[in-house]
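As they're listed, the protein sequences go chains A and B. Residue 92 in our numbering sits at position 92 of the first sequence, with consecutive numbering throughout. In our numbering, each residue's number is its place in the second sequence (first place is 1) plus 1000.
It is worth saying that the hints were derived from the structure and are not from the lab. All values derive from a computational prediction rather than experimental measurement. There could be a bad hint or two in this list.
Computed footprint of chain A on chain B, listed as stretches where at least three residues anywhere in the stretch have a Cβ under 8 Å from a Cβ of chain A [said to hold, decoys possible]: (1) 1056-1064; (2) 1079-1090; (3) 1144-1153; (4) 1213-1225.
Listed below are the simulated DSS-like cross-link pairs for lysine-lysine, each with C-alpha atoms no more than 25 Å apart in a straight line [what the hints assert, rightly or not]: (5) A:K193 to B:K1049; (6) B:K1104 to B:K1133; (7) B:K1176 to B:K1049; (8) A:K144 to A:K36; (9) B:K1217 to B:K1131; (10) B:K1172 to B:K1152; (11) A:K13 to B:K1104; (12) A:K13 to A:K144; (13) B:K1104 to A:K193.
Far from chain B, by Cβ distances over 12 Å, these chain A residues were calculated [unchecked claim]: (14) V65; (15) Y78; (16) S84; (17) L165; (18) N170; (19) T175; (20) H185; (21) T188; (22) W195.
Quick reminder that beta carbons are idealized off the backbone N, C-alpha and C, glycines included.
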Amino acid sequence: MDSAFFPMMLSLKVSLIATFFVIIIGCTCAYVLSQKSFKGKEIIDVLLTMPLVLPPTVTGYILVVLFGSRGMIGRHLYDLTGYSIMFTWHAAVLCSFVVSLPFMVKTGRAAFESVDRNLVLASHTMGHSELATFFRIIVPLSSKGILAGAILSFARAMGEFGATLMLAGNIPGRTDTMPLAIYAHAATGEWDKAWNMVLLFTFISALFIYCAIRLTGKQKWAWK
Amino acid sequence: MHMNPFLGRACIIILLNISLLVLPAPGLAQKSGQEGKEVMVFAAMSMRKPLSELAGMFEKDNPSVTIRFNFAGSGILSQQIISGATADIYVSSSGRDMALVEEKGLIEKSSKHVFARNSMVLVAPRASRVKIKGFKDLGSREVRRIAIGNPKTVSAGLYAEDIFSHYGIKEKIREKLIYGEHTPQICDYVVRGEVDAGVVFFSDYLSRKGNLVFVEKAPPGSNRPVEYPAALIIGRDNTAATVFMGFLRSTDADRVLKENGFMTDRQE
C-alpha cells in the first residue's frame, strides 16, 4: 500500500486545486453564457465543451503546443522566468482543469438558467448590483447544481490520464497521479500493486458520483 | 427517481460500442484462411524504421504473407507476451527482457539470436542555453532535465542508467530524470527543448539528425552491450514467421540495418 500513498495524495492535491479553479472560472463562464447574449457566444460554448469530446491525446497535444517550453505561450513564460510547466505536477493541474471545466460550465449554466428570471429582475429593480444579485439570488438558488458540477469536475479531474501523460510525463514521486501509477504498474506486470490502487480509485469515484446523484435529487441533469 | 437522460444516452453509446466489438471484422477473418499468412511481430520501438522497411521488402518477395507489428518498449512487450498476447516473433532491444520471456518458457530457444547491435549517445537540443560537452557534465547545476527511457520498461533507460553508474553520477542526477515510454519520444522531448539532454540509441539520433545536437557517444564498456535478440514464440507453428526470422539475417537485412545506424556481426 506504500507505493499507493504518494499517487493518491498527488491525485487529491491536483484534483482539489484544479476543481478550485474550475469552480471560479467555470461558474463565471456559465453565468455569462446563461445571462448574456453576445456575438460569438456559441463559439465560446463550443470551445469550452470541446475537451469533453476530444480524445485526451488531442487535448494533450494542443496543450503541449501552447504550453511547452517552446510552445506559443510557454515560450514567453520560459524566456521571462525560466519556468516551464512541462513535467511538473502543475501540468497535471492544468490538464485536469481543462478536461473538467466543461462539466462545471454545462451543469452551472443549466442551474443558472433554471433560476426564475423575475427574481433576478426584481433584485435589479430593488437596487442590487449585478454582482450582488449573482451572490445573493442566483448562487443560493442554484447551489445544488453548482455543487453537483463541482463534484463531477472533481471526479473527472481525478480520472485525467491522457493529457497528463503527455504534459506532465510519468515521473515516479513527482507526477505519477493514480491513473498514471496504475498504468505504469500494469505495463511492468505489477498487477498486485495496480490492484490496490484500482480498488481505492473505484471506491473514491463511486463515492463522488453517488454524492453528485444525491445532491441533484429530482433536479434535472445538465445534459442538454 | 426516473432514469436521467444522461444515463440513457450512455447506455446507448455503450451498446453501440459492444455491437462494434462483436461484429466480425471481415479483413481479419479472410486473412487467417489458407491464402494469406500473417506474422505478428512484437518489436522494440527503436527497431521501427528498419523493421518496417524490411517487412515491406519481405512482403514484396512473399506476396501471400502480411507482417504485422506491435511496437513498444521492450519491457512492455515482454509483459504483454507473458500475459498471453498472440505474437509469432519477439524482437527485444535488451537481453534482460528477452530473458524474462525465456524464463517463462515462451520462446523457441534454438531460434533465438542477436541480429543487430546499437550504441548509446547523449543528445541535446539545438540552440540550447546549456552547454553540455559529455556525460560528465550532466551532474552540473545548469542541466535541469535529462530524458531517458523508463528503466523498468525501456531498454534504452536501462543502458542509460549503466552509463550514469559508470560515471558515478547516478544518484546525483536522479532528480533531473524524465522518463520516456520509448526512444523516439525522448528524441521528441529533446527536439522540442523540453529537456536539456537525452540518452538515446545512435540509430535514433541518426533518424532525427537535423533536429538534434550530437554530444557524446557512450564509451565502450560504460554500459552493457546493446543487443537486439529476436526469437520465435513457442507453439505458434507459423512457417512464414520462421522464414521472416531467417530474412532478418540476410545480406539485405544487414544492409538496411546498417543504413539505419545499427551494427551487425556480419563481416564485409
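Results for each hint:
1. 1056-1064: Result for this restraint: violated, n = 0.
2. 1079-1090: n = 3 at 8 Å, threshold three: holds.
3. 1144-1153: It holds: at least three residues are needed, and the stretch 1144-1153 of chain B offers 4 whose Cβ sits within less than 8 Å of chain A.
4. 1213-1225: violated (count 0)
5. A:K193 to B:K1049: violated (35 Å)
6. B:K1104 to B:K1133: violated (43 Å)
7. B:K1176 to B:K1049: violated (30 Å)
8. A:K144 to A:K36: With Cα atoms ~22 Å apart, K144 of chain A and K36 of chain A stay inside 25 Å; holds.
9. B:K1217 to B:K1131: Holds, at roughly 16 Å.
10. B:K1172 to B:K1152: holds (20 Å)
11. A:K13 to B:K1104: violated (41 Å)
12. A:K13 to A:K144: This hinted pair holds, its Cα atoms lying about 24 Å apart.
13. B:K1104 to A:K193: holds (21 Å)
14. V65: With a cut-off of 12 Å, V65 of chain A comes too close to chain B, as the shortest Cβ separation is near 10 Å.
15. Y78: violated (9 Å)
16. S84: Violated: least Cβ distance 7 Å, not greater than 12 Å.
17. L165: violated (8 Å)
18. N170: violated (6 Å)
19. T175: Label violated. Min Cβ-Cβ 9 Å, cutoff 12 Å.
20. H185: At about 10 Å from chain B, H185 of chain A fails to clear the 12 Å cut-off, so the statement is violated.
21. T188: violated (5 Å)
22. W195: Per Cβ check, W195 of chain A is outside 12 Å of chain B; nearest 14 Å; holds.
Violated hints, listed in ascending order, are 1, 4, 5, 6, 7, 11, 14, 15, 16, 17, 18, 19, 20 and 21; each of the other numbered hints is respected by the structure.
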